[in-house]
Every structure is written in structure tokens, then in C-alpha cells.
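J.: Sequence:
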Amino acid sequence: MSKQRRSFSVEFKHDAAALVVDQGYSVAEACKSMGVGETALRRWVDQLREERGGVTPNSKALTAEQQEIQALKARINRLELEKKILKEATALLMAEE
Numbered sequence: 001m002s003k004q005r006r007s008f009s010v011e012f013k014h015d016a017a018a019l020v021v022d023q024g025y026s027v028a029e030a031c032k033s034m035g036v037g038e039t040a041l042r043r044w045v046d047q048l049r050e051e052r053g054g055v056t057p058n059s060k061a062l063t064a065e066q067q068e069i070q071a072l073k074a075r076i077n078r079l080e081l082e083k084k085i086l087k088e089a090t091a092l093l094m095a096e097e
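Every letter in the sequence shown is one number past the one before it in my numbering, and letter 23, counting from 1, is 23.
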């Protein structure tokens, strides 16, 4: 029987990491309080510190600002792809004439 992996919401991760970063809890205390493993919490704490330092993470962002940046970057990528497709379609149509 395999162990099912737990998943946590972005808000939960942010709150757990904020215990360490903002409220001065040790990682062990925060883990016990929130019921999560140390490895996961350390990863969330590192990510929160990086995000607050202005680094956009590759994984799902914890802060609202970084989430917005990720959404905007995804939109830019989609629009650039659409632009490329339209350019290629225009070139094909012009070549047929």
C-alpha cells in the first residue's frame, strides 16, 4: 500500500513559512505547530525569503506579488507565441499571392 502524498495550499505554505521568517519561531517549533516536515518547511522558508528579496521562483509563488508576476510572464509568453504564429501565417498567405 503506497503512502498518499499530502498537498498544501499556497496560503498554508505562506503562513507556515511566515512563522519562521516573521514571528521568530524555530523551524522545529513551526513544524510541530503546523504538522509538516522540516524539509518542506525549510524549502518554503527559503522560497519566501527569496520572493521577498525580489526573486521570482520557478515553482508556484507564495506571495501575491510573485503570483501576479508569474501570471503576467505566462501571459507574455502566450502572446509572444500568438504573435509568432500570426507572423508565420501572414508570410504563408503573402507567399501564395
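No lab work stands behind these hints, which were simulated from the structure alone.
Hints are supplied without guarantee of correctness; some may be wrong.
[Unchecked claim] Here are the simulated SDA-like cross-link-like pairs (lysine to any residue), alpha carbons at most 25 Å apart as the crow flies:
hint : residue 1 : residue 2
1    : Lys-87    : Glu-97
2    : Lys-73    : Ala-95
3    : Lys-3     : Glu-50
4    : Lys-60    : Ile-85
5    : Lys-84    : Ala-95
6    : Lys-32    : Lys-73
7    : Lys-60    : Ala-95
8    : Lys-73    : Lys-83
9    : Lys-60    : Ser-26
10   : Lys-60    : Glu-97
11   : Lys-3     : Asp-22
12   : Lys-73    : Glu-97
13   : Lys-84    : Glu-65
14   : Lys-60    : Lys-87
15   : Lys-73    : Gly-35
16   : Lys-87    : Leu-72
17   : Lys-32    : Glu-50
18   : Lys-32    : Lys-60
19   : Lys-87    : Ile-76
20   : Lys-3     : Gly-35
21   : Lys-73    : Thr-63
22   : Lys-3     : Ala-18
[Unchecked claim] Taking CB as the label site, the calculated pair distances span:
hint : residue 1 : residue 2 : range
23   : Leu-86    : Glu-29    : 20 to 30 Å
24   : Gln-23    : Ala-74    : 16 to 26 Å
25   : Glu-68    : Glu-29    : 44 to 54 Å
26   : Lys-83    : Arg-5     : 15 to 25 Å
27   : Thr-56    : Arg-5     : 44 to 54 Å
28   : Ser-59    : Lys-32    : 18 to 28 Å
Just so we're clear, the structure is a prediction, and the values are computed from it rather than from any experiment.
From the three backbone atoms N, C-alpha and C, an ideal C-beta is built for every residue, glycine too.
J.: State for each hint whether it applies.
T.: Going through the hints against the structure:
no.: 1; hint: Lys-87 to Glu-97; in the structure: holds, 16 Å
no.: 2; hint: Lys-73 to Ala-95; in the structure: violated, 33 Å
no.: 3; hint: Lys-3 to Glu-50; in the structure: violated, 31 Å
no.: 4; hint: Lys-60 to Ile-85; in the structure: violated, 28 Å
no.: 5; hint: Lys-84 to Ala-95; in the structure: holds, 17 Å
no.: 6; hint: Lys-32 to Lys-73; in the structure: violated, 36 Å
no.: 7; hint: Lys-60 to Ala-95; in the structure: violated, 43 Å
no.: 8; hint: Lys-73 to Lys-83; in the structure: holds, 15 Å
no.: 9; hint: Lys-60 to Ser-26; in the structure: holds, 24 Å
no.: 10; hint: Lys-60 to Glu-97; in the structure: violated, 47 Å
no.: 11; hint: Lys-3 to Asp-22; in the structure: violated, 33 Å
no.: 12; hint: Lys-73 to Glu-97; in the structure: violated, 37 Å
no.: 13; hint: Lys-84 to Glu-65; in the structure: violated, 29 Å
no.: 14; hint: Lys-60 to Lys-87; in the structure: violated, 32 Å
no.: 15; hint: Lys-73 to Gly-35; in the structure: violated, 34 Å
no.: 16; hint: Lys-87 to Leu-72; in the structure: holds, 22 Å
no.: 17; hint: Lys-32 to Glu-50; in the structure: holds, 24 Å
no.: 18; hint: Lys-32 to Lys-60; in the structure: holds, 24 Å
no.: 19; hint: Lys-87 to Ile-76; in the structure: holds, 16 Å
no.: 20; hint: Lys-3 to Gly-35; in the structure: holds, 17 Å
no.: 21; hint: Lys-73 to Thr-63; in the structure: holds, 15 Å
no.: 22; hint: Lys-3 to Ala-18; in the structure: violated, 28 Å
no.: 23; hint: Leu-86 to Glu-29: 20 to 30 Å; in the structure: violated, 55 Å
no.: 24; hint: Gln-23 to Ala-74: 16 to 26 Å; in the structure: violated, 32 Å
no.: 25; hint: Glu-68 to Glu-29: 44 to 54 Å; in the structure: violated, 31 Å
no.: 26; hint: Lys-83 to Arg-5: 15 to 25 Å; in the structure: violated, 39 Å
no.: 27; hint: Thr-56 to Arg-5: 44 to 54 Å; in the structure: violated, 26 Å
no.: 28; hint: Ser-59 to Lys-32: 18 to 28 Å; in the structure: holds, 24 Å
In terms of the numbered hints stated before, the structure departs from hints 2, 3, 4, 6, 7, 10, 11, 12, 13, 14, 15, 22, 23, 24, 25, 26 and 27, listed from lowest to highest.
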